[in-house]
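Throw the hints in and build the complete structure from the sequences for me.
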Amino acid sequence: MIKIGDKLRFVSFIVFILWIGLGFNVQAQDVEVKATLTETNIFAGEGVTLNIEVIGSQFGTFDRPTLPDIPGLRWLPNRTSQSTNYTYANNRTSVVISYGFQLIAEDVGSFKIPPIPVEIGGKTYNTKAIPFKVLDPKTIDTGKADSSPDIYVRIEPNVTNPVVGQQVIATVVLYFKAGIEVNSYQALAGWKAEGFWKEELEMQRQARSTSSIINGVRYQRAELLNYAIFPTKAGELTLSPFPISVRMRQNRSGFRDPFSFGFGQENKELNTLPVTINVQRLPEPKNADLIGAVGDFKITRNISTSKAFVGESIEIETVVSGTGNVPLINKPTYIFPSALEEYNPQENTQINRGNNIISGTKTFSDIIIARNEGEFIIPEKNIAVYDPNKKSFKYTTLPALHFEAIPDPKATAGSQLVETRLNIKPKIGLAQWVPTSTNYLLNNSSLFIWLALPFMFLLGAFGYKQYSDKMANDTGFSRSQKARQKSFDTLQEASSTTDIKLGYHLIQAALSQFITDKCNLPEAGLSNLQLVQEVKTKAPNSDFSDLQKLFNKCETIAYAPDVSQVGLTDDIEIAKELIKKLGKVL
Amino acid sequence: MRNISTLIILLATVFTLGSHGILAQETAQVEFDKANILMEKGDYYNALKAYHLIEAQGFRSSFLYLNMGISAAQIDSLGLAKYYFLKTIKHFPNDTEAKVEAERALLFVNSQFSRQSATLPKLPWDKALDWLKEVPTAYGVFWFGYLMGIIACLLLAGKWFSIITFKKLNQVTVIFAISAVLIVTLAYYVSYIEMRFNDAVVINTETKVLQQPTETGTTESFAFEGYTLTIDYKLSKENPDWYYVRLSNGQLGWIKKTEVKPL
Numbered sequence: 000m001i002k003i004g005d006k007l008r009f010v011s012f013i014v015f016i017l018w019i020g021l022g023f024n025v026q027a028q029d030v031e032v033k034a035t036l037t038e039t040n041i042f043a044g045e046g047v048t049l050n051i052e053v054i055g056s057q058f059g060t061f062d063r064p065t066l067p068d069i070p071g072l073r074w075l076p077n078r079t080s081q082s083t084n085y086t087y088a089n090n091r092t093s094v095v096i097s098y099g100f101q102l103i104a105e106d107v108g109s110f111k112i113p114p115i116p117v118e119i120g121g122k123t124y125n126t127k128a129i130p131f132k133v134l135d136p137k138t139i140d141t142g143k144a145d146s147s148p149d150i151y152v153r154i155e156p157n158v159t160n161p162v163v164g165q166q167v168i169a170t171v172v173l174y175f176k177a178g179i180e181v182n183s184y185q186a187l188a189g190w191k192a193e194g195f196w197k198e199e200l201e202m203q204r205q206a207r208s209t210s211s212i213i214n215g216v217r218y219q220r221a222e223l224l225n226y227a228i229f230p231t232k233a234g235e236l237t238l239s240p241f242p243i244s245v246r247m248r249q250n251r252s253g254f255r256d257p258f259s260f261g262f263g264q265e266n267k268e269l270n271t272l273p274v275t276i277n278v279q280r281l282p283e284p285k286n287a288d289l290i291g292a293v294g295d296f297k298i299t300r301n302i303s304t305s306k307a308f309v310g311e312s313i314e315i316e317t318v319v320s321g322t323g324n325v326p327l328i329n330k331p332t333y334i335f336p337s338a339l340e341e342y343n344p345q346e347n348t349q350i351n352r353g354n355n356i357i358s359g360t361k362t363f364s365d366i367i368i369a370r371n372e373g374e375f376i377i378p379e380k381n382i383a384v385y386d387p388n389k390k391s392f393k394y395t396t397l398p399a400l401h402f403e404a405i406p407d408p409k410a411t412a413g414s415q416l417v418e419t420r421l422n423i424k425p426k427i428g429l430a431q432w433v434p435t436s437t438n439y440l441l442n443n444s445s446l447f448i449w450l451a452l453p454f455m456f457l458l459g460a461f462g463y464k465q466y467s468d469k470m471a472n473d474t475g476f477s478r479s480q481k482a483r484q485k486s487f488d489t490l491q492e493a494s495s496t497t498d499i500k501l502g503y504h505l506i507q508a509a510l511s512q513f514i515t516d517k518c519n520l521p522e523a524g525l526s527n528l529q530l531v532q533e534v535k536t537k538a539p540n541s542d543f544s545d546l547q548k549l550f551n552k553c554e555t556i557a558y559a560p561d562v563s564q565v566g567l568t569d570d571i572e573i574a575k576e577l578i579k580k581l582g583k584v585l
Numbered sequence: 000m001r002n003i004s005t006l007i008i009l010l011a012t013v014f015t016l017g018s019h020g021i022l023a024q025e026t027a028q029v030e031f032d033k034a035n036i037l038m039e040k041g042d043y044y045n046a047l048k049a050y051h052l053i054e055a056q057g058f059r060s061s062f063l064y065l066n067m068g069i070s071a072a073q074i075d076s077l078g079l080a081k082y083y084f085l086k087t088i089k090h091f092p093n094d095t096e097a098k099v100e101a102e103r104a105l106l107f108v109n110s111q112f113s114r115q116s117a118t119l120p121k122l123p124w125d126k127a128l129d130w131l132k133e134v135p136t137a138y139g140v141f142w143f144g145y146l147m148g149i150i151a152c153l154l155l156a157g158k159w160f161s162i163i164t165f166k167k168l169n170q171v172t173v174i175f176a177i178s179a180v181l182i183v184t185l186a187y188y189v190s191y192i193e194m195r196f197n198d199a200v201v202i203n204t205e206t207k208v209l210q211q212p213t214e215t216g217t218t219e220s221f222a223f224e225g226y227t228l229t230i231d232y233k234l235s236k237e238n239p240d241w242y243y244v245r246l247s248n249g250q251l252g253w254i255k256k257t258e259v260k261p262l
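Just so you know, the protein sequences line up as chains A and B, in that order. Residue numbering for the first sequence follows numbering that gives the first Met the number 0, starting at 0 and increasing by one per position. Residue numbering for the second sequence follows numbering that gives the first Met the number 0, starting at 0 and increasing by one per position.
No lab work stands behind these hints, which were simulated from the structure alone. Just so you know, even glycine gets a beta-carbon here, dropped at the ideal spot from N, CA and C. Certain hints may be false.
Subject to a maximum C-alpha distance of 25 Å in a straight line, what follows is the list of computed BS3-like cross-link-like pairs (lysine-lysine) [as the list claims (entries may be wrong)]:
{"hint": "1", "chain 1": "A", "residue 1": "Lys426", "chain 2": "B", "residue 2": "Lys48"}
{"hint": "2", "chain 1": "A", "residue 1": "Lys424", "chain 2": "B", "residue 2": "Lys48"}
{"hint": "3", "chain 1": "A", "residue 1": "Lys330", "chain 2": "A", "residue 2": "Lys380"}
{"hint": "4", "chain 1": "A", "residue 1": "Lys424", "chain 2": "B", "residue 2": "Lys89"}
{"hint": "5", "chain 1": "B", "residue 1": "Lys132", "chain 2": "B", "residue 2": "Lys89"}
{"hint": "6", "chain 1": "A", "residue 1": "Lys464", "chain 2": "B", "residue 2": "Lys166"}
{"hint": "7", "chain 1": "A", "residue 1": "Lys583", "chain 2": "A", "residue 2": "Lys552"}
{"hint": "8", "chain 1": "A", "residue 1": "Lys579", "chain 2": "A", "residue 2": "Lys481"}
{"hint": "9", "chain 1": "A", "residue 1": "Lys464", "chain 2": "B", "residue 2": "Lys255"}
{"hint": "10", "chain 1": "B", "residue 1": "Lys89", "chain 2": "A", "residue 2": "Lys426"}
{"hint": "11", "chain 1": "B", "residue 1": "Lys207", "chain 2": "B", "residue 2": "Lys121"}
{"hint": "12", "chain 1": "B", "residue 1": "Lys40", "chain 2": "A", "residue 2": "Lys426"}
{"hint": "13", "chain 1": "A", "residue 1": "Lys127", "chain 2": "A", "residue 2": "Lys137"}
{"hint": "14", "chain 1": "A", "residue 1": "Lys469", "chain 2": "B", "residue 2": "Lys158"}
{"hint": "15", "chain 1": "A", "residue 1": "Lys424", "chain 2": "B", "residue 2": "Lys167"}
{"hint": "16", "chain 1": "A", "residue 1": "Lys469", "chain 2": "A", "residue 2": "Lys583"}
{"hint": "17", "chain 1": "B", "residue 1": "Lys260", "chain 2": "B", "residue 2": "Lys132"}
{"hint": "18", "chain 1": "B", "residue 1": "Lys207", "chain 2": "B", "residue 2": "Lys166"}
{"hint": "19", "chain 1": "A", "residue 1": "Lys485", "chain 2": "A", "residue 2": "Lys583"}
{"hint": "20", "chain 1": "A", "residue 1": "Lys330", "chain 2": "B", "residue 2": "Lys207"}
{"hint": "21", "chain 1": "A", "residue 1": "Lys481", "chain 2": "A", "residue 2": "Lys469"}
{"hint": "22", "chain 1": "B", "residue 1": "Lys40", "chain 2": "A", "residue 2": "Lys424"}
{"hint": "23", "chain 1": "A", "residue 1": "Lys548", "chain 2": "A", "residue 2": "Lys575"}
{"hint": "24", "chain 1": "B", "residue 1": "Lys233", "chain 2": "B", "residue 2": "Lys40"}
{"hint": "25", "chain 1": "B", "residue 1": "Lys98", "chain 2": "A", "residue 2": "Lys424"}
{"hint": "26", "chain 1": "A", "residue 1": "Lys481", "chain 2": "A", "residue 2": "Lys537"}
{"hint": "27", "chain 1": "B", "residue 1": "Lys33", "chain 2": "A", "residue 2": "Lys426"}
{"hint": "28", "chain 1": "B", "residue 1": "Lys132", "chain 2": "A", "residue 2": "Lys464"}
{"hint": "29", "chain 1": "B", "residue 1": "Lys167", "chain 2": "A", "residue 2": "Lys426"}
{"hint": "30", "chain 1": "A", "residue 1": "Lys537", "chain 2": "A", "residue 2": "Lys469"}
{"hint": "31", "chain 1": "A", "residue 1": "Lys426", "chain 2": "B", "residue 2": "Lys233"}
Label-pair distances were calculated between CB atoms; the ranges are [to be verified]:
{"hint": "32", "chain 1": "B", "residue 1": "Leu52", "chain 2": "A", "residue 2": "Tyr342", "range": "51 to 57 Å"}
{"hint": "33", "chain 1": "A", "residue 1": "Ile334", "chain 2": "B", "residue 2": "Asp125", "range": "36 to 42 Å"}
{"hint": "34", "chain 1": "A", "residue 1": "Gly462", "chain 2": "B", "residue 2": "Asp125", "range": "44 to 50 Å"}
{"hint": "35", "chain 1": "B", "residue 1": "Gly157", "chain 2": "A", "residue 2": "Asn519", "range": "31 to 37 Å"}
{"hint": "36", "chain 1": "A", "residue 1": "Tyr342", "chain 2": "B", "residue 2": "Asn197", "range": "25 to 31 Å"}
{"hint": "37", "chain 1": "A", "residue 1": "Thr362", "chain 2": "B", "residue 2": "Leu52", "range": "54 to 60 Å"}
{"hint": "38", "chain 1": "B", "residue 1": "Leu52", "chain 2": "A", "residue 2": "Phe461", "range": "52 to 58 Å"}
{"hint": "39", "chain 1": "B", "residue 1": "Leu52", "chain 2": "A", "residue 2": "Asp288", "range": "44 to 50 Å"}
Printed below as a string of structure tokens:
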């Protein structure tokens with residue numbers, strides 16, 4: 000079995016070796032030659048390296064560049080280095096051949112490294128001239144140098160007196176002395192830029208340090224972070240201290256932390272000093288609307304269609320693109336004809352944070368709908384954009400937009416009702432009038448009576464049920480309730496009889512029946528005397544002598560010499576009264 | 000004899016009051032006819048004033064509100080026109096002819112406003128409440144609940160006197176009684192909502208909706224002519240010159256009473 004993977008690897012290796020071998024012998028294409036000096040402020044006696052890099056994808060054979068005489072510096076020929084790097088990016092291979100020339104500063108003053116010629120494939124390329132200074136070491140204030148901090152951080156705005164809305168690039172810069180090695184850093188939370196709109200910019204590459212002399216002391220300077228800040232108001236605004244944490248190591252001779260076990264790394268929290276920025280007001284533009292744009296912007300406006308149906312939405316798009324305060328730009332205000340219906344505008348922002356600056360596009364969309372047919376014109380508009388570099392306004396005139404609204408042939412009957420005038424005739428004749436007052440249910444107290452009725456009905460029914468139940472189940476109660484009616488019925492019978500003796504018998508029966516029923520006594524077997532006695536017991540304070548008399552008369556009527564019908568009628572009335580009287584007390 | 004004279008006095012009072020009401024209605028009709036003549040002559044402003052007087056007398060009709068809306072539209076007071084057309088629909092939902100005309104007029108008036116308000120869809124509960132307010136009304140719901148209560152009472156009484164007997168009489172009676180209580184409570188809630196909240200129309204061209212009921216309050220939003228909003232009378236009670244309102248897009252704030260007309 001053949002291992003295809005191994006073969007492929009072998010072929011790739013051969014191709015690579017051939018490419019390296021042949022690389023220097025082909026014709027130069029896209030070649031770049033550049034020179035850099037590791038320090039541009041050098042103390043006399045200090046060493047410095049001049050790097051010459053030849054960069055290209057393909058180039059022919061060439062010799063090492065020859066250094067001309069450089070004023071102020073002396074070349075140390077034995078220390079020249081050479082290196083080759085290959086990189087592969089974006090489907091393209093590039094080769095960088097570097098030569099490092101060691102130089103030593105000799106004479107104090109300002110000098111310039113002249114352009115250095117490099118001949119590649121018969122063509123001569125020149126580096127750019129590099130100015131540099133050689134400083135006198137005597138100028139160093141040793142006291143100041145000793146008291147200056149080993150490491151510190153500053154925030155450095157590129158402009159200190161911008162106008163409102165102007166883009167200011169604030170760079171967080173780390174300064175550290177030789178002998179300090181910074182391994183990593185991290186921005187901490189808590190930085191406030193009150194009065195500014197801030198956007199963090201993308202860093203092009205990893206932070207690299209460059210050398211600079213500050214108060215006669217050499218510091219390494221590294222730009223860590225970049226922010227685009229836009230002042231939103233005029234006046235003195237302050238950038239608060241920017242906190243940052245760095246992981247560093249001190250390599251100075253004689254400085255050894257016995258507890259660091261040779262690693263010597265430590266974390267340090269640093270803060271920038273507050274920075275005051277004096278923000279100026281924007282001047283007033285002439286005959287133009289200010290939409291808050293400050294920078295270099297291009298403004299365009301277009302309409303989605305020049306002919307639309309009535310009721311169809313039309314979009315008017317305003318695009319502001321360029322470099323500057325993109326997030327803070329406001330929508331231009333347009334005056335639309337009254338027959339156009341406006342809907343909530345929309346906006347879309349695209350921000351580019353690359354290239355160490357904020358740029359992008361802000362798009363505003365106005366949605367309008369024509370409610371009537373006809374030709375419509377949206378008037379032209381002058382917009383002013385402030386250019387901080389030129390310190391003046393740049394005026395853009397957006398041309399007038401025209402469109403025509405035509406009736407929609409597919410419009411439904413409902414939408415056709417939307418007319419250009421109110422085509423409804425007033426109502427005349429007899430109207431049906433009602434009072435304007437509104438009688439709310441909650442305020443209608445009569446309803447509470449209605450609500451009470453079912454409860455009253457239930458209460459009555461319940462009472463009647465209780466009564467019925469008692470009448471059915473309680474004999475005494477039933478007799479007591481029916482006593483009067485029964486007695487009156489008997490008396491009625493007595494009054495209708497012509498037999499006087501029978502009449503008195505019925506009176507006696509009615510009275511005794513009433514008393515026994517009321518007192519729940521046996522219906523028979525009780526004498527008149529016992530009944531009277533029972534009445535006196537129940538109502539000791541009442542006078543019932545008439546009852547006794549009537550009972551006596553009823554008992555003795557058979558022996559009476561003359562009795563008349565009139566006497567009987569009178570006695571029936573007396574009996575009725577007695578029953579009423581007894582009803583009250585029994 | 001005494002009873003008869005009392006009856007005569009009572010009848011006379013009822014007759015007098017009744018005839019007074021009829022007379023007042025006749026007066027309203029006369030005023031309405033006069034206003035209609037003004038309107039036919041094209042004097043919309045004075046016609047609207049005359050219609051206002053009728054309403055001030057305590058009478059209203061679908062024709063009156065419809066004509067007021069037409070007059071307001073003719074004098075280009077579209078917010079006011081919308082207000083009267085909405086009033087026609089709200090107060091006379093059963094007058095189909097006037098309702099159709101008012102809806103047509105509203106379609107036109109709404110198309111004339113250069114600014115339209117976004118409208119949040121109503122929650123199902125709010126929709127149900129609106130339906131109860133408009134279709135059966137709070138009174139309708141009340142009487143329905145009342146009927147359920149009467150049925151519950153009759154079933155109970157029928158059970159006591161053994162007139163009505165069936166297997167699940169107790170359960171049915173309880174269901175009717177609970178339903179009655181719930182429905183009557185719902186009727187009162189609907190009425191409470193009717194009394195607490197009311198729709199209104201912005202009649203001025205542009206007005207501020209503020210976060211506080213003061214002239215210097217923070218602006219919450221702007222309301223334009225023809226916007227409909229809902230007034231909360233309960234929250235508005237403590238500020239006599241202001242209404243606490245909810246805009247149709249859901250924003251809340253205070254608006255001056257003079258800027259809107261409650262329906």
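We went through each hint and held it up to the structure:
no.: 1; hint: A/Lys426 - B/Lys48; result: holds, 17 Å
no.: 2; hint: A/Lys424 - B/Lys48; result: holds, 18 Å
no.: 3; hint: A/Lys330 - A/Lys380; result: holds, 12 Å
no.: 4; hint: A/Lys424 - B/Lys89; result: holds, 20 Å
no.: 5; hint: B/Lys132 - B/Lys89; result: holds, 10 Å
no.: 6; hint: A/Lys464 - B/Lys166; result: holds, 22 Å
no.: 7; hint: A/Lys583 - A/Lys552; result: holds, 24 Å
no.: 8; hint: A/Lys579 - A/Lys481; result: holds, 13 Å
no.: 9; hint: A/Lys464 - B/Lys255; result: violated, 63 Å
no.: 10; hint: B/Lys89 - A/Lys426; result: holds, 18 Å
no.: 11; hint: B/Lys207 - B/Lys121; result: holds, 24 Å
no.: 12; hint: B/Lys40 - A/Lys426; result: holds, 14 Å
no.: 13; hint: A/Lys127 - A/Lys137; result: violated, 31 Å
no.: 14; hint: A/Lys469 - B/Lys158; result: holds, 18 Å
no.: 15; hint: A/Lys424 - B/Lys167; result: violated, 61 Å
no.: 16; hint: A/Lys469 - A/Lys583; result: holds, 21 Å
no.: 17; hint: B/Lys260 - B/Lys132; result: holds, 20 Å
no.: 18; hint: B/Lys207 - B/Lys166; result: violated, 66 Å
no.: 19; hint: A/Lys485 - A/Lys583; result: holds, 16 Å
no.: 20; hint: A/Lys330 - B/Lys207; result: holds, 21 Å
no.: 21; hint: A/Lys481 - A/Lys469; result: holds, 13 Å
no.: 22; hint: B/Lys40 - A/Lys424; result: holds, 13 Å
no.: 23; hint: A/Lys548 - A/Lys575; result: holds, 14 Å
no.: 24; hint: B/Lys233 - B/Lys40; result: violated, 44 Å
no.: 25; hint: B/Lys98 - A/Lys424; result: holds, 14 Å
no.: 26; hint: A/Lys481 - A/Lys537; result: holds, 19 Å
no.: 27; hint: B/Lys33 - A/Lys426; result: holds, 13 Å
no.: 28; hint: B/Lys132 - A/Lys464; result: violated, 41 Å
no.: 29; hint: B/Lys167 - A/Lys426; result: violated, 58 Å
no.: 30; hint: A/Lys537 - A/Lys469; result: holds, 23 Å
no.: 31; hint: A/Lys426 - B/Lys233; result: violated, 37 Å
no.: 32; hint: B/Leu52 - A/Tyr342: 51 to 57 Å; result: violated, 40 Å
no.: 33; hint: A/Ile334 - B/Asp125: 36 to 42 Å; result: holds, 38 Å
no.: 34; hint: A/Gly462 - B/Asp125: 44 to 50 Å; result: holds, 46 Å
no.: 35; hint: B/Gly157 - A/Asn519: 31 to 37 Å; result: holds, 33 Å
no.: 36; hint: A/Tyr342 - B/Asn197: 25 to 31 Å; result: holds, 28 Å
no.: 37; hint: A/Thr362 - B/Leu52: 54 to 60 Å; result: holds, 55 Å
no.: 38; hint: B/Leu52 - A/Phe461: 52 to 58 Å; result: holds, 57 Å
no.: 39; hint: B/Leu52 - A/Asp288: 44 to 50 Å; result: holds, 48 Å
When the structure is compared with the earlier hints, violations turn up for hints 9, 13, 15, 18, 24, 28, 29, 31 and 32 and for no others.
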